[in-house]
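Dock chain B against the given chain A, drawing on the hints supplied.
The chain contents come next:
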Amino acid sequence: MNNKHERIKALKYAFPKTIPVMAGYLVLGAAFGILMRVNGFGIFWALVWSIFVYAGSLQYLGITFFAAVVNPWYALFMSVMLNARHLFYGLSMVDQLKDAGKFRPYLIFSLTDETFSVLCSEQVPDHLPRHLVYFLIAALDHLYWIAGTLVGAMAGTMIRFDTAGMDFALTALFTVIFIDQWKSRNDHRAACIGVFSSVLCVLLFGKDVFIVPAMVMIISVITIGYWKKKDKEEQM
Amino acid sequence: MKHNFNSYALITLAMILATVLTRFLPFLFFPAGKKTPKYITYLGNTLPYATIGLLVVYCLRGVSFTARPYGLPEALSIAVIAVLHIWKGNALLSIGGGTILYMTLIQTLFR
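These protein sequence lines map, in sequence, to chains A and B.
When we follow the working numbering, the leftmost residue of the first sequence carries the number 1, and every step to the right adds one.
When we follow the working numbering, the leftmost residue of the second sequence carries the number 1, and every step to the right adds one.
Where hints are given, some of them may not hold.
Straight-line alpha carbon distances no greater than 25 angstroms define the calculated SDA-like cross-link-like pairs of lysine to any residue that follow [what the hints assert, rightly or not]:
(1) A/Lys12 - A/Val124
(2) A/Lys17 - A/Asn3
(3) A/Lys230 - B/Thr36
(4) A/Lys229 - A/Lys102
(5) A/Lys207 - B/Ala75
(6) B/Lys88 - A/Lys230
(7) A/Lys17 - A/Leu128
(8) A/Lys102 - B/Ile40
(9) B/Lys38 - A/Leu200
(10) A/Lys98 - A/Ile8
(11) A/Lys12 - B/Ala91
(12) A/Lys230 - B/Lys34
(13) B/Lys34 - B/Leu21
(14) A/Lys17 - B/Cys59
Source of the hints: derived by calculation from the structure; they are not laboratory data.
Note that this is a predicted model, so its numbers are computed, not measured.
This is chain A alone, in the form it adopts within the complex (with noise of 0.2 angstroms):
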């Protein structure tokens, strides 16, 4: 079944999928290479967090962590605090990768915003093999990451193009999904509540701190939702 000409029409169609990322991960990773390596950190700790960590704006907090040398306590409560929006992802995710078999332990590792962002809204056509696409287009996104971050870390300041700005790639990627997703449902609600309570939140908490309470608010009212269709329906 999966043989080679398989794998190779399954890549080919991955790969489209991940040119946004492609251009916001060689950005974002080679300006992370570049703060790593300013602030004397070097190439093996830039290096080891882009393979194993892999979380973009973790790792751009770690350099302050690394810059007092903080209590590594200190750095998990932080790390999980700015970490926990990933909570939704799996939430959102673990009906879709039921049955990805030996690729699930990686596309749940490798579950970014982007790549998230990415197959929550991916339909793959029949004819190719879901999660192998699934594995690929993380798989890339993950490459992508480690090669920016790896150029960054060793052009270190060469890099004379002023790239200021360039990070914007990803909140335009992040605004064209939220389009796509408008247009393929007729049930705004979900988006507006995501919207809705995230402004909310960053006015009442403040713009540090508000994603644990902009994350209580969506799922409050989400269940709510769930609760009235359910008496809905036991009526029917």
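Frame of chain A, contents of chain B only:
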């Protein structure tokens, strides 16, 4: 240096642990072999739509609307992305166009 290496290694371990924990936890609670509860399936169908909204806001969280340039570069670029994307429907064009516009804006007009 030796002292620093150990501290760095522990901090790195903490970061890896935090990431693995937050990514694997939902899957440990709802393993592959068992039937997923209805409620979790419902979450799987609705949460992605809310989460992408959260991510857009997350990216823009540092933008100030009360001080110059009043979030104008971001607002303009997102407006252009939206128009391009609804009009042409080509993700790469929308993302590339919007990013180049944003870079130009903050490197020239809104320096």
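Okay, the hints, checked on the actual structure:
1. A/Lys12 - A/Val124: Roughly 12 angstroms between the alpha carbons, so the hint for A/Lys12 and A/Val124 holds.
2. A/Lys17 - A/Asn3: Distance ~22 angstroms between A/Lys17 and A/Asn3 Cα, so the pair holds.
3. A/Lys230 - B/Thr36: 17 angstroms, holds
4. A/Lys229 - A/Lys102: With Cα atoms ~36 angstroms apart, A/Lys229 and A/Lys102 exceed 25 angstroms; violated.
5. A/Lys207 - B/Ala75: Since the Cα atoms of A/Lys207 and B/Ala75 sit roughly 18 angstroms apart, the hinted pair holds (cutoff 25 angstroms).
6. B/Lys88 - A/Lys230: Distance of about 39 angstroms is beyond 25 angstroms: violated.
7. A/Lys17 - A/Leu128: Answer holds: A/Lys17 to A/Leu128 is near 15 angstroms, not above 25 angstroms.
8. A/Lys102 - B/Ile40: 23 angstroms, holds
9. B/Lys38 - A/Leu200: Violated, at roughly 29 angstroms.
10. A/Lys98 - A/Ile8: Cα-Cα ~24 angstroms, so holds.
11. A/Lys12 - B/Ala91: 17 angstroms, holds
12. A/Lys230 - B/Lys34: With Cα atoms ~22 angstroms apart, A/Lys230 and B/Lys34 stay inside 25 angstroms; holds.
13. B/Lys34 - B/Leu21: 21 angstroms, holds
14. A/Lys17 - B/Cys59: 21 angstroms, holds
The earlier numbered hints that this structure contradicts are 4, 6, 9.
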